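Enquirer: If you want the building blocks of each chain, they are given just below.
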Amino acid sequence: MGEDSKVKESGKAQKRKRIGYSKGHKGAKKPKVLQGSGKKVKVDGRMKKLYRKRAREYNSDDDDDGNDNAFEDKAEEVSIKEKMNDERDADELDSENDEEKRHFVDDDEEEEGEIQSGVTKFVEGVRAFKLAFKKIMKRNISDDSLGPVLSGHQKLVAEKLAEEEADRKVKGEAKKEKQLVKEKGHLIPESFFDAHEKFLIGVARKGVVKLFNAVNKAQLAQKGLNPSRTKDAKELSKKRKESFFSELGRKPFSHSTSSKSGTEKDEDGPAWAPLRDNYMLTNSKLKNWDKQQHDAIAADNGRAVIESSDDDE
Amino acid sequence: MARFRDKKKKGFVKPVVKKNLKNVDHITGDKVPKSFVFARGKLPAVLRQLQMDLRKLMLPFTALKLKEKKRNSLKDFLNVAGPMGVTHFMILSKTTTGPYLRVARTPQGPTLTFKVKDYTLAVDVARSQLRPRCPQDLFKNPPLIVLSGFGTGEQHLKLATIMFQNIFPSIDINTVKLSSCQRIVLLNYDKETKLIDFRHYSIRLEPVGVTRRLRKFVQNHQVPDLRNLQDVSDFVTKAGYGSESEGDEDAATVTLSNDMGRVNRASTKSAVKLQELGPRMTLHLIKIEEGLCTGGVIFSEHGDGDKKKPESKEGGTAGNAAGNEDDEGITGEGEESETDDYEDANGDDNEMSEDE
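Respectively, the protein sequence lines represent chains A and B.
Our numbering numbers the first residue of the first sequence as 1 and each following residue consecutively.
Our numbering numbers the first residue of the second sequence as 1 and each following residue consecutively.
Calculated directly from the structure, the hints in this document are not laboratory data.
Quantities reported herein were computed from a predicted structural model and do not represent experimental measurements.
Where a beta carbon is used, it is the ideal one built from N, C-alpha and C, also for glycine.
Among the hints, a few may not be true.
In silico DSS-like pairs for lysine-lysine, Cα to Cα no more than 30 angstroms straight-line [to be verified]:
(1) A:Lys217 / B:Lys115
(2) B:Lys69 / A:Lys210
(3) B:Lys177 / A:Lys241
(4) A:Lys182 / B:Lys273
(5) A:Lys182 / B:Lys177
(6) B:Lys56 / B:Lys140
(7) B:Lys31 / A:Lys169
(8) B:Lys67 / A:Lys210
(9) A:Lys184 / B:Lys117
(10) B:Lys194 / B:Lys42
(11) A:Lys210 / B:Lys31
(12) A:Lys217 / B:Lys67
(13) A:Lys178 / B:Lys56
(14) B:Lys56 / B:Lys69
(15) B:Lys191 / B:Lys269
(16) A:Lys178 / B:Lys67
(17) B:Lys273 / A:Lys198
(18) A:Lys206 / B:Lys273
(19) A:Lys217 / B:Lys177
(20) A:Lys198 / B:Lys216
(21) B:Lys42 / A:Lys171
(22) B:Lys191 / A:Lys178
(23) A:Lys198 / A:Lys210
(24) B:Lys67 / B:Lys31
(25) A:Lys184 / B:Lys191
(26) A:Lys210 / B:Lys42
(27) B:Lys269 / A:Lys238
(28) B:Lys70 / A:Lys206
(29) A:Lys182 / B:Lys115
(30) B:Lys177 / A:Lys234
(31) A:Lys234 / A:Lys217
(32) A:Lys171 / B:Lys117
Label-pair restraints from in silico Cβ distances [as the list claims (entries may be wrong)]:
(33) B:Asp190 / A:Ser191: 43 to 49 angstroms
(34) A:Lys171 / B:Asn220: 42 to 48 angstroms
(35) A:Glu197 / B:Leu138: 32 to 38 angstroms
Non-contacting residues of chain A with respect to chain B, defined by C-beta distances greater than 12 angstroms in every case (computed) [claimed, not checked]:
(36) Gly45
(37) Leu50
(38) Val126
(39) Lys155
(40) Lys184
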């Protein structure tokens with residue numbers, strides 16, 4: 001289409017211009033410039049060159065055809081009614097009009113060229129848009145749950161959703177596992193009483209009963225005596241020891257400090273220092289704790305300690 | 001003039017009460033064992049709850065609101081323990097294999113390390129019961145302790161026995177009031193599984209041979225509903241349905257020497273009834289160390305305890321000597337730190353005395 005545009009500055013014909021274009025830069029340019037200079041007082045040669053170059057660049061697709069093909073081109077241009085070409089046409093027009101020095105006139109649409117270019121462009125653009133829109137609307141789309149807009153990404157979206165789901169699952173599992181580790185060993189009693197619990201309660205109750213009965217015996221014995229009188233106090237201390245140990249079915253220890261009770265069967269050593277209440281509290285030496293192997297394990301100080309003898313249950 | 005006044009004033013100055021007295025039973029002079037229950041490392045919420053339950057169990061001679069920080073080392077606790085007269089540590093910790101409980105004597109050990117096979121919180125226990133029971137003064141007195149099945153003659157079990165017996169204050173049967181015996185801690189050793197069942201019960205006494213109706217009447221002090229009865233005598237004579245535990249009562253009856261509450265009078269038969277309070281724990285003794293979480297291994301479940309015995313003994317004695325110095329030498333530097341809420345209920349334990 002470039003060959004269609006003409007330089008009217010010196011009233012030259014189309015052909016001349018064309019020859020000038022095709023001829024190469026050096027030879028033809030000078031006279032042209034001289035011709036042009038008649039009208040325009042000061043047009044820089046270089047500027048002109050630049051303008052021409054630009055023009056040529058715009059029309060580059062047609063330029064290389066040469067002036068021989070100009071008419072063919074024109075015919076072709078007429079015959080082809082492609083929208084895109086039209087669009088390009090408009091663009092060209094626009095750009096050519098921007099160059100103020102020359103009046104570019106399109107062969108086909110001379111009037112339009114003379115009319116304001118912005119309007120033309122707008123009109124053309126609308127047309128293109130309309131066509132594009134029509135094309136899109138014509139497209140056949142299978143209706144889907146994801147809708148027409150996402151149709152292009154349908155697979156992608158589905159994939160993403162699945163991935164998310166899997167991710168969440170993995171995360172949930174990890175969390176659950178962590179929680180399990182945290183609560184490891186935590187047991188919630190499911191039944192009110194099971195056999196083992198009953199057995200344990202029985203053991204504990206036995207201990208309590210033993211202790212309470214011992215306490216009862218011990219305290220009943222000293223009921224009549226007044227502890228403030230020295231004579232009675234002596235009697236009291238004696239009685240306490242005797243009654244308590246007789247009640248427990250064993251003789252009192254010779255050891256002065258061990259006035260404590262014991263509910264024990266297998267005692268073969270009188271010294272049970274490691275089992276004394278103050279054993280570790282006072283001297284706190286564990287040197288020989290394992291030397292005294294024969295020490296009886298016994299309950300001390302009235303606490304009911306049932307040792308392994310309760311095999312009956 | 002001023003000088004004279006000064007002199008006069010000095011006469012009225014109150015003698016400084018030794019703080020140390022609090023740690024000692026005022027009649028017998030025995031040391032009252034006190035305890036700290038705390039955690040090493042970060043505990044999940046469930047175990048923190050267990051820690052709280054253990055603290056309640058150890059009441060009244062424990063620090064119920066002991067605050068711990070991440071940067072507190074064992075030494076901090078030890079420093080506080082000296083002036084406070086704390087004799088036992090119960091240390092909860094947690095690894096990936098499960099929770100662990102260490103029971104230690106301060107300041108120089110020994111330390112028993114238990115693996116907590118499983119545990120049940122007091123809340124869970126209460127939830128499983130129809131009527132959970134919690135009288136107001138339940139935790140005002142230390143619990144009794146019953147050790148069962150520990151007399152197998154094994155050394156480490158003996159040590160465990162001593163440890164647990166000394167963790168609660170001793171009682172004297174001649175002077176003890178039965179009304180102060182409200183709770184009981186049971187430790188039951190199973191020979192086959194080598195597991196120790198740790199249970200906590202409340203003790204309740206009920207008179208035998210009295211119908212439920214009468215008992216309730218005496219207890220509640222409310223006017224009974226007599227609409228359906230022909231005569232007042234019916235209220236007394238009409239037998240209510242027997243309780244489910246009537247059968248084993250004769251084995252669990254005691255005769256009281258002194259009155260206990262309104263219902264249980266002296267020299268009447270009473271049935272002992274236990275209700276679980278929780279927490280429950282199933283413990284497995286895995287290690288005994290000579291020091292406080294350090295020192296030679298006296299016993300190990302995995303069998304390497306015997307090998308280490310000879311050399312560990314020497315280390316242990318040295319440590320003990322140092323520990324004895326510590327015992328007197330600890331000054332109250334850390335006093336102000338974490339134990340501001342130390343519950344010293346010495347006032348409550350008047351009846352828990354022991355002579356001789």
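Enquirer: Are Lys31 (chain B) and Lys169 (chain A) close enough, with their CA atoms no more than 30 angstroms apart?
Expert: violated, 58 angstroms
Enquirer: Measuring from beta carbon to beta carbon, are Lys171 (chain A) and Asn220 (chain B) in 42 to 48 angstroms?
Expert: Cβ of Lys171 (chain A) to Cβ of Asn220 (chain B): about 56 angstroms, so the range 42 to 48 angstroms is violated.
Enquirer: Checking a non-interface call: every C-beta of chain B should be farther than 12 angstroms from the C-beta of Lys155 (chain A). Is that right?
Expert: With a cut-off of 12 angstroms, Lys155 (chain A) remains clear of chain B, as the shortest Cβ separation is near 43 angstroms.
Enquirer: Against the 30 angstroms threshold, does the CA-CA distance of Lys182 (chain A) and Lys115 (chain B) hold or violate the hint?
Expert: Holds, at roughly 15 angstroms.
Enquirer: Would Gly45 (chain A) pass as off the interface with chain B, using Cβ distances and a cut of 12 angstroms?
Expert: holds, 85 angstroms
Enquirer: Measure nothing beyond the straight line between the CA atoms of Lys217 (chain A) and Lys115 (chain B); if it is 30 angstroms or shorter, mark the hint as holding.
Expert: violated, 40 angstroms
Enquirer: Measure nothing beyond the straight line between the CA atoms of Lys194 (chain B) and Lys42 (chain B); if it is 30 angstroms or shorter, mark the hint as holding.
Expert: holds, 28 angstroms
Enquirer: Could you grab the alpha-carbon distance between Lys210 (chain A) and Lys42 (chain B) and see if it respects the 30 angstroms cut-off?
Expert: Roughly 42 angstroms between the alpha carbons, so the hint for Lys210 (chain A) and Lys42 (chain B) is violated.
Enquirer: Minimum Cβ separation between Leu50 (chain A) and chain B greater than 12 angstroms?
Expert: holds, 77 angstroms
Enquirer: Starting from Lys184 (chain A), check that the Cα of Lys191 (chain B) is at most 30 angstroms away, please.
Expert: holds, 24 angstroms
Enquirer: Holds or violated: Lys56 (chain B) with Lys69 (chain B), Cα cutoff 30 angstroms?
Expert: Holds, at roughly 20 angstroms.
Enquirer: For a C-alpha distance cap of 30 angstroms, please report whether Lys42 (chain B) and Lys171 (chain A) respect it.
Expert: holds, 23 angstroms
Going through the hint list in order, the structure does not satisfy hints 1, 2, 4, 5, 7, 8, 12, 15, 22, 26, 28, 33, 34, 35 and 40.
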